[in-house]
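Sequences and hints are given; from them, build the entire structure.
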Amino acid sequence: MLIVVCIKQVPDTTQVKIDPVTNTLVRDGIPFIVNPYDTHALEEALRLKDLFGCKVAAISMGPPNAEGTLKKALALGVDFAILLSDRVFGGADTLATSNVLAAAIAKLHAEVDTVGLVLCGKQTIDGDTAQVGPGIASRLNYSQLTLVDKIVNLDLQAKKIRVSRKLEGRHEIVESPLPAMLTVVRELNRPRYPKVQMRLVAADAVVEVWNNKTLQLDEQKIGLKGSPTWVSKIFSPERDKGEIIGDGYADPEGTAALLIDKLMAKDMLPL
Amino acid sequence: MTPSPSLFAPLLLASLAIFAWGCWKRLSLLSLGRPEERFNNIGTRIGEMLRYAFGQKRVIAKPFGFNHFIIFWSFLILMVANTEFILNGLFPHTIKLIRLPFELYVPLAFMIDIASLLALTAVTIAAVRRLFAPPYPEARTPEAFFILGLIATLMLASFGLNATELADYMLKSGADPISFIAAARKIMPISATIAGLLPPLQLETIHVTAWWAHAVALLAFICYLPNSKHMHILTAIPNCFLHRLEKPNTQPREDFTVGNTFGVGQVDSYSWKDLLDSFTCTECGRCQNVCPASITGKPLNPRAVIHDIKVNLLENGAELKNGKHSHKPLIGDGGEGSVSEESIWSCTTCGACMEACPVFIEHMPKIIQLRRHLVETEAKFPEELLNLFENMEGRSNPWGIAPSERTKWCSQLDVKPFDSETTEYLFYVGCAGSFDSRNKHVSVAMAQLLDKSGITWGILGKDEKCCGDSVRRLGNEYVFDKMAKENVATFIERGVKKVVTQCPHCFTTLKNDYRQYGLELEVIHHSELLRNLVEDGRLVLDKTTQEMGTTVFHDSCYLGRHNDVYAAPRAVIEAATGQAPLEMERNTNNAFCCGAGGGRMWMEEHVGERINLTRVNEAMEQSPDTICVACPYCMTMFEDGLKDVKADNVKVRDVAEVMAEALLR
Numbered sequence: 001m002l003i004v005v006c007i008k009q010v011p012d013t014t015q016v017k018i019d020p021v022t023n024t025l026v027r028d029g030i031p032f033i034v035n036p037y038d039t040h041a042l043e044e045a046l047r048l049k050d051l052f053g054c055k056v057a058a059i060s061m062g063p064p065n066a067e068g069t070l071k072k073a074l075a076l077g078v079d080f081a082i083l084l085s086d087r088v089f090g091g092a093d094t095l096a097t098s099n100v101l102a103a104a105i106a107k108l109h110a111e112v113d114t115v116g117l118v119l120c121g122k123q124t125i126d127g128d129t130a131q132v133g134p135g136i137a138s139r140l141n142y143s144q145l146t147l148v149d150k151i152v153n154l155d156l157q158a159k160k161i162r163v164s165r166k167l168e169g170r171h172e173i174v175e176s177p178l179p180a181m182l183t184v185v186r187e188l189n190r191p192r193y194p195k196v197q198m199r200l201v202a203a204d205a206v207v208e209v210w211n212n213k214t215l216q217l218d219e220q221k222i223g224l225k226g227s228p229t230w231v232s233k234i235f236s237p238e239r240d241k242g243e244i245i246g247d248g249y250a251d252p253e254g255t256a257a258l259l260i261d262k263l264m265a266k267d268m269l270p271l
Numbered sequence: 001m002t003p004s005p006s007l008f009a010p011l012l013l014a015s016l017a018i019f020a021w022g023c024w025k026r027l028s029l030l031s032l033g034r035p036e037e038r039f040n041n042i043g044t045r046i047g048e049m050l051r052y053a054f055g056q057k058r059v060i061a062k063p064f065g066f067n068h069f070i071i072f073w074s075f076l077i078l079m080v081a082n083t084e085f086i087l088n089g090l091f092p093h094t095i096k097l098i099r100l101p102f103e104l105y106v107p108l109a110f111m112i113d114i115a116s117l118l119a120l121t122a123v124t125i126a127a128v129r130r131l132f133a134p135p136y137p138e139a140r141t142p143e144a145f146f147i148l149g150l151i152a153t154l155m156l157a158s159f160g161l162n163a164t165e166l167a168d169y170m171l172k173s174g175a176d177p178i179s180f181i182a183a184a185r186k187i188m189p190i191s192a193t194i195a196g197l198l199p200p201l202q203l204e205t206i207h208v209t210a211w212w213a214h215a216v217a218l219l220a221f222i223c224y225l226p227n228s229k230h231m232h233i234l235t236a237i238p239n240c241f242l243h244r245l246e247k248p249n250t251q252p253r254e255d256f257t258v259g260n261t262f263g264v265g266q267v268d269s270y271s272w273k274d275l276l277d278s279f280t281c282t283e284c285g286r287c288q289n290v291c292p293a294s295i296t297g298k299p300l301n302p303r304a305v306i307h308d309i310k311v312n313l314l315e316n317g318a319e320l321k322n323g324k325h326s327h328k329p330l331i332g333d334g335g336e337g338s339v340s341e342e343s344i345w346s347c348t349t350c351g352a353c354m355e356a357c358p359v360f361i362e363h364m365p366k367i368i369q370l371r372r373h374l375v376e377t378e379a380k381f382p383e384e385l386l387n388l389f390e391n392m393e394g395r396s397n398p399w400g401i402a403p404s405e406r407t408k409w410c411s412q413l414d415v416k417p418f419d420s421e422t423t424e425y426l427f428y429v430g431c432a433g434s435f436d437s438r439n440k441h442v443s444v445a446m447a448q449l450l451d452k453s454g455i456t457w458g459i460l461g462k463d464e465k466c467c468g469d470s471v472r473r474l475g476n477e478y479v480f481d482k483m484a485k486e487n488v489a490t491f492i493e494r495g496v497k498k499v500v501t502q503c504p505h506c507f508t509t510l511k512n513d514y515r516q517y518g519l520e521l522e523v524i525h526h527s528e529l530l531r532n533l534v535e536d537g538r539l540v541l542d543k544t545t546q547e548m549g550t551t552v553f554h555d556s557c558y559l560g561r562h563n564d565v566y567a568a569p570r571a572v573i574e575a576a577t578g579q580a581p582l583e584m585e586r587n588t589n590n591a592f593c594c595g596a597g598g599g600r601m602w603m604e605e606h607v608g609e610r611i612n613l614t615r616v617n618e619a620m621e622q623s624p625d626t627i628c629v630a631c632p633y634c635m636t637m638f639e640d641g642l643k644d645v646k647a648d649n650v651k652v653r654d655v656a657e658v659m660a661e662a663l664l665r
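Protein chains in written order, with the working numbering: chain W, 1 to 271; chain R, 1 to 665.
You can trust all of the hints, since none of them are fake.
Derived lysine-lysine pairs resembling DSSO-like cross-links, with alpha carbons at most 27 Å apart: (1) W/Lys150 <-> R/Lys380; (2) R/Lys462 <-> R/Lys482; (3) W/Lys233 <-> W/Lys221; (4) W/Lys195 <-> R/Lys380; (5) W/Lys159 <-> W/Lys55; (6) R/Lys462 <-> W/Lys17; (7) W/Lys17 <-> R/Lys465; (8) R/Lys416 <-> R/Lys462; (9) W/Lys195 <-> R/Lys465; (10) R/Lys408 <-> W/Lys241; (11) R/Lys416 <-> R/Lys440; (12) R/Lys380 <-> W/Lys49; (13) R/Lys229 <-> R/Lys247; (14) R/Lys328 <-> W/Lys195; (15) R/Lys485 <-> R/Lys416; (16) R/Lys321 <-> R/Lys229; (17) W/Lys55 <-> R/Lys380; (18) W/Lys213 <-> W/Lys55; (19) W/Lys160 <-> W/Lys55; (20) R/Lys62 <-> R/Lys247; (21) R/Lys482 <-> W/Lys195; (22) R/Lys408 <-> W/Lys17; (23) W/Lys17 <-> R/Lys416; (24) R/Lys498 <-> R/Lys440; (25) W/Lys17 <-> R/Lys440; (26) R/Lys485 <-> R/Lys498; (27) R/Lys452 <-> R/Lys416; (28) R/Lys324 <-> W/Lys195; (29) R/Lys485 <-> R/Lys247; (30) R/Lys440 <-> R/Lys452; (31) R/Lys25 <-> R/Lys321; (32) R/Lys485 <-> W/Lys195.
The set of hints was computed from the structure by calculation and includes no laboratory data.
Laid out in structure tokens, this is it:
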């Protein structure tokens, strides 16, 4: 069985500022990182590889420099990595992106091994739409399990998976047949750290690149042309002014209790 | 009255064979170690050997060391007597010291007699000490008493031998006993006194008994020596000759090529000198008695680490010699011959063990090699370090704060960027000075003092990156290597020559570690620069500050022990307050770590007493109003510790803040 992990190279958003005049992201000199949620998807795939011996492929759609992101995945232990890169893929919204990713997964399924699981981060920290994972599942007609914080059981014989989904204030245990697409949250696991030997090998590795000649997709369904989304404006939302409650110096315990009460009242502290 | 060579010679040969075999068994294992250059600067090395091995300089630094000094020098003198004994045993009628010219024989015989008494006294004291007040509880081993007993036997037997020979000579020559003994006492005071007490009829029996007691003890000693911790008698002198001439405050670089091993996971990945260290340790326990981890109840014991390396090497030696993998893991359950992960992570890299070791065993680099293996080869480390490693690699600071925030500390000040044309010093602010809300005050004080002094200085601003100290000491050499290369490139590109740092960790890394990357910077710690500026009259103090009250100074390990800067911070405090700071019980090169070095700053401390609390309590014994520090980590550890002991009235101040208080407020 093959597990496919979809990862994305994103700008380190903690370092991104929004230009107040043009309302666009100031990306100059901002380093790229692997989308943090995707690192958990990657870890889960590698954990399943350790447990069941299945193969893991990492795929990413992006410009040529997104190769670095895939090399990080190779350093962590994925079996192979494919970069989906072509000018005609550029400017894609979530719909067009999921078309390309789904096509690549279908190709892996046909040519490498039966795909049993597709793992994605719950969302990327640059777009924050959380639509690409579900988009892939829809295109491929896979079961769709979002916001997974635990794989309760994976039965490869019966081709079934049971997961816990982290919802607001509660958890949901659901079971579905394979193949399935999971989007994962941070609570799922703790990503491993790459071993130096693997990093060195990954640094020298050549990442396979698939362009549209490889995938043969209709240009009307990919890239800018295949993207119905239209961005009118990006802005920082106004933040409500906070309030100062209690007196943390004089009465730390009481103040903490007050804070807990407030958070509970707003249902922001799921127990 | 002659021994039998036909019995002694085969015994001697057998003993020498056992001795040679023991030496070969151990010393041939050194060839398993990696190569390391230790034969440069022969002249300096000979000097070090004379000072530390023959002069026993570090041994006598502790009160009990004098006892060892006596044993050591007695041994050297008695080597003459023992050589005579052996030759006499082989050729009974030909070789005797007494056949030497009288002018040579008299002082030699006198020295031997006195040395024997001194050695006997010293081993008795050592045995009593080990019985009633051992250096550490486990030191009360049968082995220790066996070897002390053996030496005592040798001394007593040699008195017996000399005394019976004197008495025999006296009887045969028919000399007047009273005048003969009186004359002999001037040559061999102890042996002659004993000779006067011996019963004439049993001389032969006593002599033969003493001779064989001496022979058996000596041969047993020869057999035992290379197969025990007493091998230090053979290796300690070379170890002093071979010690690292520069302070062991850095770790060697690694070559990041596919197929290499990183760190030490198997004992033969250590260098031959590391392995020699393990045979040189005589388990005196001085290292564990100064180790902050050992003292506060952590599983780390530097003595045990060295011992475990030795045991592991001996157990795996045969396999390793045959090119196989070792069967006993070096990093394991912490039983004899393996070092536990917990103890590996307990080290604060304070260097106290290496400062205390009389024979220059280098403990800390060995522990860091084990960390390297865990981090780089196994990716196995305490979970709180994962964030640190990623923050360091991704954002070049321990907290993962956006690099664009690096200059926030000076947003209210007019600080210029470093420019090699117009600014003399680069003020390398460091991560704590840039991001830590408490430590930013030190950076501001420092900036104001630099401005006041009139020297020109600038910062790298957003181009400044973390020096990488913590990741290197934590064994993440791969990430350190990347960080160091980036920084070195920036320093070269910007033409940086002189750097002032306010953090001893930045200080040592830029000064010592980056030298391995070909970068020779003139790095000065801010305490030294401030002291110099006061001495040069560029900072003129027309008043002292009384704000600080009574001060006590805490030495940072990476400023003091690792870089020998002790006087400068004290001078700054004295100039600013008019009073020299009080000293804690353990100070300067014996100072006790705050607990934050070696990356421990970023780790939890679950086991035993907290190191910072131990140090805070030690500081509180001086009843200070202000604890002065010269390191951001020490500052955090003290402020946290003071909160724990609820000493809200005691302040912690960096030396720059003390100076600023006197000069600017």
